[in-house]
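Please take these sequences and the hints and turn them into a complete structure.
Below are the chains, spelled out letter by letter.
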Amino acid sequence: MQRPIRVLIAKPGLDGHDRGALIIAQALRDEGMEVIYTGIRQTPEQIVASAIQEDVDLIGLSCLSGAHNELFAEVIRLLKVQGASDIPIFAGGVIPAGDIPYLKQLGIKEIFPPGSTIKDTVAFVRNLFSREG
Amino acid sequence: MERKEKFETLSGIPLKTVYDESDSPKHTSQPGEYPYTRGIHQKMYRSRLWTMRQYAGFGSAEETNERYRYLLEQGQTGLSVAFDLPTQIGYDSDDQMSIGEVGKVGVAIDSLQDMEKLFEGIPLDQVSTSMTINAPASILLAMYIATAEKQGVDPKFIKGTIQNDILKEYIARGTYIFPPKPSMKIITDIFQYCMEHTPQFNTISISGYHIREAGSTAVQEVAFTLANAIAYVETALNAGLDIDLFAPRLSFFFNAHNHFFEEIAKFRAVRRMWAKIMKERFGAKSPKSWQLRFHTQTAGSTLTAQQPDNNIVRVTLQALAAILGGTQSLHTNARDEALALPTEESARIALRTQQIIAYESGVADTVDPFGGSYVVESLTDQIEEAALVYLSQIEELGGAVSAVEQGFMQREIRKAALATQRQIESQEQIIVGMNQYQLDNEVVPELLRVDPSLAKKQIASLQKLREQRDNKLVQTELAQLRQAAGSSENVMPYILNAVRAYATVGEICNTLREIYGEYVI
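Top line first, the protein sequences correspond to chains A and B. Taking the numbering used here, the leading residue of the first sequence gets 0, the next gets one more, and so forth. Taking the numbering used here, the leading residue of the second sequence gets 3, the next gets one more, and so forth.
It should be emphasised that the hints constitute simulated quantities derived from the structure, not laboratory data. Bear in mind that the values here come from a model prediction, so they are computed numbers and not experimental data. Where a beta carbon is used, it is the ideal one built from N, C-alpha and C, also for glycine. Please note that the accuracy of each hint is not assured.
[Said to hold, decoys possible] Below 25 angstroms or equal to it, Euclidean Cα-Cα: the simulated DSS-like pairs (lysine-lysine) are:
#, chain 1, residue 1, chain 2, residue 2
1, B, 187, B, 290
2, B, 417, A, 118
3, A, 79, A, 108
4, A, 118, B, 6
5, B, 8, B, 417
6, B, 290, B, 278
[To be verified] Each pair of labels, with its calculated beta carbon distance range:
#, chain 1, residue 1, chain 2, residue 2, range
7, A, 51, B, 155, 11 to 21 angstroms
8, B, 387, A, 81, 37 to 47 angstroms
9, B, 519, A, 51, 23 to 33 angstroms
10, B, 357, A, 45, 16 to 26 angstroms
11, A, 29, B, 32, 31 to 41 angstroms
12, A, 30, B, 434, 40 to 50 angstroms
[To be verified] To give an idea of the chain B side of the interface with chain A (calculated C-beta under 8 angstroms), a few residues:
#, residue
13, 84
14, 87
15, 101
16, 152
17, 217
18, 306
19, 308
20, 341
21, 418
22, 420
23, 423
24, 446
25, 449
The following block contains the structure:
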């Protein structure tokens, strides 16, 4: 039997708005995936360490404070340093459209801004692994 | 045939087709009379309109000071300070934890120096200021007092509110620092200090707002907020404080959400419940202790990133519900806040929305106009009833502090949030412009950008302060604070002394972290 997709849902930075992160974590669990939620206020170092230790297939980052450009970039940099940049990343939160090209260029596969649905998020994850797997 | 299978409020209270006298027993109290269902004042907005208080702050103290002066010139009647996250969680701007966050969601305040700049040219005996600050509330209040002193204003005359509601931080908002027990102790210290030194300052704003934003229902918002309020009162009573001395300075903060009638009913219900709790349960004697005074903010979580101008209409309806529910002060959200902090233009439209309701609609000219409405009276009763069920459940868990530690409220909110999301995705709930009536080509509005060089400037100014201040004095004051924190003494006077010596938010919080530890979920 194939092992379920393992996802780390992480909240870098200091904001405590975890409604979206919790909903996505629960929704992916309901889809049969294994989800590890870091809790709020994680440093990029902690997130990368958890991702490697938990051997996840995918990282979801959530940030609603406006610090996404700095913090997501740092997560990606540290993954590279650790030789783990093969782990794909998706992200959500209050992310203005103008920042999306920059974040995608950094290597983030997909951004889910306000108004995104569980349905689209799940479809994205399924699609990602059917294509690559 | 009806257009939906079932009609209900957002809390799931079933709605009948028509209501009549059989649905609403006669309540005989009038506005200004216990239990204040109809409002805490006899004349309400006929004597004085609500305070128009827009939450604002970004970047540096200088920039935010400019926005405040602009808002005051435009007719805003009270200030409301948004602090950045490092300030709210007790880190200095140059702390490793602050990377990317300095000045982003609010103004960066490291020391008294920043606070002095924030209120430059704004006499503190002439405005009332609300500060959204919780774990370090004692420090920011101390800075506000010290700024008043520097302006030559006697702290006895400063008016405003600190949020200071730590329990909802564990439940929903996330800016806690210390564990619950020492946090509750600091809160009681603040109550006690302010009774004597700043008698016109509200010492806490017990907040349902963020509980609702995290996804709760209206009923949960009422119940969890009151449960927290009961815990604060009990802690203060256990410390030996006289209820009628501290209770009149307790204030509340609620959300104005989408279901118009349910929201009006919610404000009326919570007012009545609080009056009964204070009088019957705690035996408060002063009517001031029975009266629930509250601030309202329209629901940020209902704003859509899609077709953002539609948000102006949502905000108008939510604001109207808050006013019909008898709020004491109001923040109306700006149309672009699903995307970023508001631009000056968006912030102005949000303020104008309140002014149009106040001066043009006529709704402020009659007190509690929905009193006697069959549907609103019935919903008022039903919200009270449902919230009481939650309150007794929380009692069984050992009260709010213990229920929070057990994650009870957190779980209930999480369930409600997921249910809402599912309803939106199945289109049981229609959100105009988002899950129906979408546009193919959205025009992206111009958004506020926080100056990216701000963090560097803020750090430079902080480092300069560290060179210029009397560091020996800072160390002495911090040592005395450390000692006080380890005893049962009130920490407020020691924090005030440290602040006066220009100790920073981070230094003071780190001193307290040494004694109290940090809370990790």
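Structure-based check of each hint:
1. With a C-alpha separation of about 24 angstroms, the suggested pairing of residue 187 of chain B with residue 290 of chain B holds against the 25 angstroms cut-off.
2. For the proposed pair residue 417 of chain B and residue 118 of chain A, the alpha carbon gap of about 18 angstroms is at most 25 angstroms, so the pair holds.
3. Under the criterion of a C-alpha separation no larger than 25 angstroms, the hint pairing residue 79 of chain A with residue 108 of chain A is consistent with the structure, at around 16 angstroms.
4. Taking the CA atoms of residue 118 of chain A and residue 6 of chain B, the gap is about 24 angstroms. The hint holds against a cut of 25 angstroms.
5. Proposed proximity of residue 8 of chain B and residue 417 of chain B is supported: the alpha carbons are some 21 angstroms apart, at most 25 angstroms.
6. In summary, the hint linking residue 290 of chain B to residue 278 of chain B is supported, as the alpha carbons are separated by about 13 angstroms, within the 25 angstroms threshold.
7. At roughly 55 angstroms, the beta-carbon separation of residue 51 of chain A and residue 155 of chain B lies outside the given 11 to 21 angstroms, and the hint is violated.
8. Checking the proposed 37 to 47 angstroms range against residue 387 of chain B and residue 81 of chain A shows it is violated: the Cβ atoms sit about 55 angstroms from each other.
9. Against the hinted window of 23 to 33 angstroms, the Cβ-Cβ separation of residue 519 of chain B and residue 51 of chain A comes to about 29 angstroms, which satisfies the hint.
10. As the Cβ distance of residue 357 of chain B to residue 45 of chain A is approximately 47 angstroms, the hint placing it in 16 to 26 angstroms is violated.
11. The hint said 31 to 41 angstroms for the Cβ distance between residue 29 of chain A and residue 32 of chain B, and at roughly 51 angstroms that hint is violated.
12. Under the hint 40 to 50 angstroms, the C-beta atoms of residue 30 of chain A and residue 434 of chain B, about 29 angstroms apart, miss the expected range.
13. Because the closest C-beta pair between residue 84 of chain B and chain A is about 12 angstroms apart, greater than 8 angstroms, the hint is violated.
14. The interface hint given for residue 87 of chain B is met, as the beta carbon of that residue sits about 4 angstroms from the closest beta carbon of chain A, less than 8 angstroms.
15. With a least beta-carbon distance of about 6 angstroms to chain A, the hint placing residue 101 of chain B at the interface is held under the 8 angstroms criterion.
16. For the restraint placing residue 152 of chain B at the interface with chain A, the shortest Cβ-Cβ distance is roughly 30 angstroms, beyond the 8 angstroms limit, so the hint is violated.
17. Because the closest C-beta pair between residue 217 of chain B and chain A is about 5 angstroms apart, less than 8 angstroms, the hint holds.
18. For the restraint placing residue 306 of chain B at the interface with chain A, the shortest Cβ-Cβ distance is roughly 6 angstroms, inside the 8 angstroms limit, so the hint holds.
19. Interface hint status for residue 308 of chain B: upheld, as the beta-carbon distance to the closest one in chain A is roughly 6 angstroms, under 8 angstroms.
20. Given hint, residue 341 of chain B at the interface with chain A, holds; its Cβ is 5 angstroms from that chain's nearest Cβ, closer than 8 angstroms.
21. Look at residue 418 of chain B: its Cβ only gets to about 10 angstroms from chain A, farther than 8 angstroms, so that hint breaks.
22. The beta carbon of residue 420 of chain B is positioned within 8 angstroms of a beta carbon in chain A (closest approach about 6 angstroms), and the interface hint is therefore held.
23. For residue 423 of chain B, the interface hint holds, the least distance from its beta-carbon to any beta-carbon of chain A being 5 angstroms, beneath 8 angstroms.
24. Using the Cβ-Cβ criterion of 8 angstroms, the hint placing residue 446 of chain B at the interface with chain A is satisfied: the shortest such distance is roughly 5 angstroms.
25. A hinted interface residue such as residue 449 of chain B counts as satisfied when its beta carbon comes closer than 8 angstroms to some beta carbon of chain A; here the least separation is about 5 angstroms, so the hint holds.
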